[in-house]
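Novice: For the protein sequence lines, the chains are G and L, in the order given.
Under our numbering, the first residue of the first sequence carries the number 2, and numbering increases by one thereafter.
Under our numbering, the first residue of the second sequence carries the number 241, and numbering increases by one thereafter.
Read the hints as simulated data drawn from the structure, not as lab findings.
Just so you know, not all the hints are guaranteed correct.
[To be verified] Selected chain G positions facing chain L (Cβ under 8 Å, derived; list incomplete):
id : residue
1  : Phe69
2  : Thr103
3  : Glu106
4  : Ser256
5  : Glu258
[As the list claims (entries may be wrong)] Which stretches of chain L does chain G cover? Using the computed rule of at least three CB atoms under 8 Å from a CB of chain G, they are:
id : segment
6  : 394 to 408
7  : 488 to 499
8  : 606 to 614
[Stated by the list, open to error] Derived lysine-lysine pairs resembling DSSO-like cross-links, with alpha carbons at most 27 Å apart:
id : chain 1 : residue 1 : chain 2 : residue 2
9  : L       : Lys645    : G       : Lys232
10 : L       : Lys355    : G       : Lys245
11 : G       : Lys166    : G       : Lys204
12 : G       : Lys194    : G       : Lys204
13 : G       : Lys194    : G       : Lys180
14 : G       : Lys245    : G       : Lys180
Owing to the predicted nature of the structure, the values given are computational and were not obtained by experimental measurement.
Yeah, the Cβ is synthetic: ideal placement off N, Cα and C, and Gly gets one too.
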Amino acid sequence: MNTKRNVQIKRKSTALFAAVLLFAAAGHSISAQSTVRPSAEEIIRRLEENIIHDTARMEAEMVVHDRFGEKRTTMDIYQEGRVHTLIEYTSREERGQKVLRTQDEVYLYYPDAAELIRLQGAALRQSMLGSDISYEDVSGNKTILETYDLKFLSEEQVGGRPTYKLELAAVERNVAYPKRIMWIDRAGYVLLKNDMYSLSGRKIKEIVTEKVDQIDGAWIPVVETISDTLKSNSYTELVLQEIKLNVRLPRNIFSLEQLSW
Amino acid sequence: MVSMNGGTRGRRRIWIFVLTGILVLHAISRSFAQEVQTFQTIEMEVLNTVSHSDEIDDWNLSGLGRVELDFQSRGSRWVRSRLNIQADIADTGDGTNVRFTIPRAFIRVRFPLGKNYLFRTTFGKSRVTWGDGALYNAGDLVFGAEGTRADLFSYESIRDETDWLVTAFFPLGQFSFIEPVILIPESEIRYNNGTSGESSPLESQIITRAPSFDRIALGSRIQWQLANIKMETGYLFRGADEEHEVSLSMQGNLGPDIYGGVATTIGPDVDDYEKVRITVGGLQQYRYGVGGSVSLRVEALVFPDGEWEELEDAAVADGGSSDHSRRYGLSFFPEIVWNPSESVTLFSRVIVSPIDVSALWIAGSGWNIYEGLTLSAYLSLQSGKKTDTYGFDREGGASLTTSVKYVF
Numbered sequence: 002m003n004t005k006r007n008v009q010i011k012r013k014s015t016a017l018f019a020a021v022l023l024f025a026a027a028g029h030s031i032s033a034q035s036t037v038r039p040s041a042e043e044i045i046r047r048l049e050e051n052i053i054h055d056t057a058r059m060e061a062e063m064v065v066h067d068r069f070g071e072k073r074t075t076m077d078i079y080q081e082g083r084v085h086t087l088i089e090y091t092s093r094e095e096r097g098q099k100v101l102r103t104q105d106e107v108y109l110y111y112p113d114a115a116e117l118i119r120l121q122g123a124a125l126r127q128s129m130l131g132s133d134i135s136y137e138d139v140s141g142n143k144t145i146l147e148t149y150d151l152k153f154l155s156e157e158q159v160g161g162r163p164t165y166k167l168e169l170a171a172v173e174r175n176v177a178y179p180k181r182i183m184w185i186d187r188a189g190y191v192l193l194k195n196d197m198y199s200l201s202g203r204k205i206k207e208i209v210t211e212k213v214d215q216i217d218g219a220w221i222p223v224v225e226t227i228s229d230t231l232k233s234n235s236y237t238e239l240v241l242q243e244i245k246l247n248v249r250l251p252r253n254i255f256s257l258e259q260l261s262w
Numbered sequence: 241m242v243s244m245n246g247g248t249r250g251r252r253r254i255w256i257f258v259l260t261g262i263l264v265l266h267a268i269s270r271s272f273a274q275e276v277q278t279f280q281t282i283e284m285e286v287l288n289t290v291s292h293s294d295e296i297d298d299w300n301l302s303g304l305g306r307v308e309l310d311f312q313s314r315g316s317r318w319v320r321s322r323l324n325i326q327a328d329i330a331d332t333g334d335g336t337n338v339r340f341t342i343p344r345a346f347i348r349v350r351f352p353l354g355k356n357y358l359f360r361t362t363f364g365k366s367r368v369t370w371g372d373g374a375l376y377n378a379g380d381l382v383f384g385a386e387g388t389r390a391d392l393f394s395y396e397s398i399r400d401e402t403d404w405l406v407t408a409f410f411p412l413g414q415f416s417f418i419e420p421v422i423l424i425p426e427s428e429i430r431y432n433n434g435t436s437g438e439s440s441p442l443e444s445q446i447i448t449r450a451p452s453f454d455r456i457a458l459g460s461r462i463q464w465q466l467a468n469i470k471m472e473t474g475y476l477f478r479g480a481d482e483e484h485e486v487s488l489s490m491q492g493n494l495g496p497d498i499y500g501g502v503a504t505t506i507g508p509d510v511d512d513y514e515k516v517r518i519t520v521g522g523l524q525q526y527r528y529g530v531g532g533s534v535s536l537r538v539e540a541l542v543f544p545d546g547e548w549e550e551l552e553d554a555a556v557a558d559g560g561s562s563d564h565s566r567r568y569g570l571s572f573f574p575e576i577v578w579n580p581s582e583s584v585t586l587f588s589r590v591i592v593s594p595i596d597v598s599a600l601w602i603a604g605s606g607w608n609i610y611e612g613l614t615l616s617a618y619l620s621l622q623s624g625k626k627t628d629t630y631g632f633d634r635e636g637g638a639s640l641t642t643s644v645k646y647v648f
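Same shape as in the complex, but just chain G (with noise of 0.2 Å):
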């Protein structure tokens, strides 16, 4: 039953979260610039601070670049403040399917089934569309301080903008990616560029911010790429749409009961 399942929400989950993640790291004023280089800790902090809005809606389009073209994937993401985040796929081929996330919960909605699936364990190990990130990786309490070790590169300039070059390394056996290099933009603590590493040390994928808005006072990468380096032809872009912060939600939008509407 979970065969497809997999596949889809694989691949809707990973875009969902692609883009909320992406989201949160954007989300931050960008005139907190300080002339103090404030240490990697509060660097990654102020990073993961962004994640946090009182609501937020966003519509968002994944596109999977290969040789065949292209294959486009469109969702509708709600959030309110860190704990809960509902997608909701609207693209023909998974129109009507759900990932809730809700404190240490995530479910799954397929319409046709009508069945309410709980990720738990292992199946939280499943990639989000594919890419970089997993459910794990967002239903957890876990931050980036717990989860990996930090330490300050150097500053270097991405897209023409000065950043805090960061390395993070695993704490943990059981992560996806044991080491990563970010680079954060120093003025507005957006993740402009994320290179993901395997166990070896081998680079396996890279999500380049291409492009930041800013909405509501918030600065937010609205354009994304992420590339496999394993596979030449091919990457995804991730593209936010709409993004409306500080919106009113629907009473009990992040239950059960809206999940399976």
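Since chain G is already given, all that's left is putting chain L on it; use the hints.
Specialist: Positioned in the frame of chain G, the structure of chain L alone reads:
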């Protein structure tokens, strides 16, 4: 020549459903013109199958076209509706044969109770999924524990049974709810000229001959969490058989995801094997490399009062098709799914009947090559004697199916 399985009455019922659904969607759209949209999806699939036939002891080649039209209303916070029409098309010696089905035709309505609470109801042909299990699910009192109508070639839900029903959904908290259900027995549609399906539904008054009220089935499930375990209790009364069914299901995590259920049926004519059924299952997933994953699942179905010794009796081996009163006491369903990339899926499923040492083997592959387009191939093979549950010489003993599907 176009013939339609199910006869003239079936055709008219189809058109009634279609017209009713379209009118309902249209009415809803007008009522909520500011916010409601109607989404349409068309799915076309062409299947070609080579299969072994015991009757002629030879191999057959057959082709089948499958069309699915799906209409969904979206946008309203209070009302939703869906109409899903499927048609299987095949050329036979008599011409083109078309078989229509309507898996889904329902209206779902929310009702607020005060400022902070709402519940919803669903009317029509739809699905409810009780319990846990991909194929074997003792907690599914509505459609049964065995999945006898399962589509083992499906990439989506193996089990996708639907029925005419009325359900309600009452939230009891974020992760708890009660879901009562009433299953509507099959009705017979007649027309005012006294004949059954002899005139156009547009020209005649439609009269539905309802079956006796005592043939309905009704019940409810309640789902909640105990510590970190999802719990579910279900009850269903089937008026036609005067049977009471009760189930308990649970799902948790011990490294792998573990789930299972137990159900019992009480009534005057309950078959022995059906008095108690137990299902257990486990799911483990692994990620590797970039975007790769492997999923392992195994499920077991136990009828403690079933047959535990091999019988040279094809009636039991039929899985009940010729003898509904007996089943073997144990069967397994292992499954492995490999996703080497986001667009490719490979899977293998086996239904094992260990008591007569027979099995149904399925291997499948799918490639989502372009947006909406999926190329698939499936191999099915039965191993065992003719009197076993599965056997090469039984109907569908071996087959190879290719599929091209496009969703637009």
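Novice: Compare the structure with each hint and give your call.
Specialist: These are the hints, each one checked on the structure:
1. With a cut of 8 Å, the hint placing Phe69 (chain G) at the interface with chain L holds, because the nearest CB-to-CB distance is about 6 Å.
2. About 7 Å separates the beta-carbon of Thr103 (chain G) from the nearest beta-carbon of chain L, less than 8 Å, and the hint is met.
3. Annotation: interface hint on Glu106 (chain G) holds; nearest CB of chain L at approximately 7 Å, less than 8 Å.
4. Interface hint status for Ser256 (chain G): upheld, as the beta-carbon distance to the closest one in chain L is roughly 5 Å, under 8 Å.
5. Among the interface hints, the one on Glu258 (chain G) holds; its C-beta lies about 5 Å from the nearest C-beta in chain L, closer than the 8 Å criterion.
6. Counting residues of the segment 394 to 408 of chain L whose CB falls under 8 Å from any CB of chain G gives 7; the rule of at least 3 is met.
7. Residues of the segment 488 to 499 of chain L lying with their CB closer than 8 Å to a CB of chain G number 7, which satisfies the three-residue condition for coverage.
8. Note: the segment 606 to 614 of chain L has 6 residues with beta-carbon separation from chain G under 8 Å; the three-residue rule is met and the coverage holds.
9. Between Lys645 (chain L) and Lys232 (chain G), the direct Cα distance comes to roughly 26 Å. Compliance with the 27 Å bound is thereby established for this hinted pair.
10. Taking the CA atoms of Lys355 (chain L) and Lys245 (chain G), the gap is about 25 Å. The hint holds against a cut of 27 Å.
11. Of the pairs offered as hints, the one joining Lys166 (chain G) and Lys204 (chain G) holds, with about 16 Å between alpha carbons and a cut-off of 27 Å not exceeded.
12. For the hint linking Lys194 (chain G) to Lys204 (chain G), the alpha-carbon distance of about 13 Å falls within 27 Å, and the restraint holds.
13. Our distance criterion of 27 Å between C-alpha atoms is met by Lys194 (chain G) and Lys180 (chain G), whose separation comes to about 14 Å.
14. With a C-alpha separation of about 33 Å, the suggested pair Lys245 (chain G) and Lys180 (chain G) falls outside the 27 Å cut-off, and the hint is violated.
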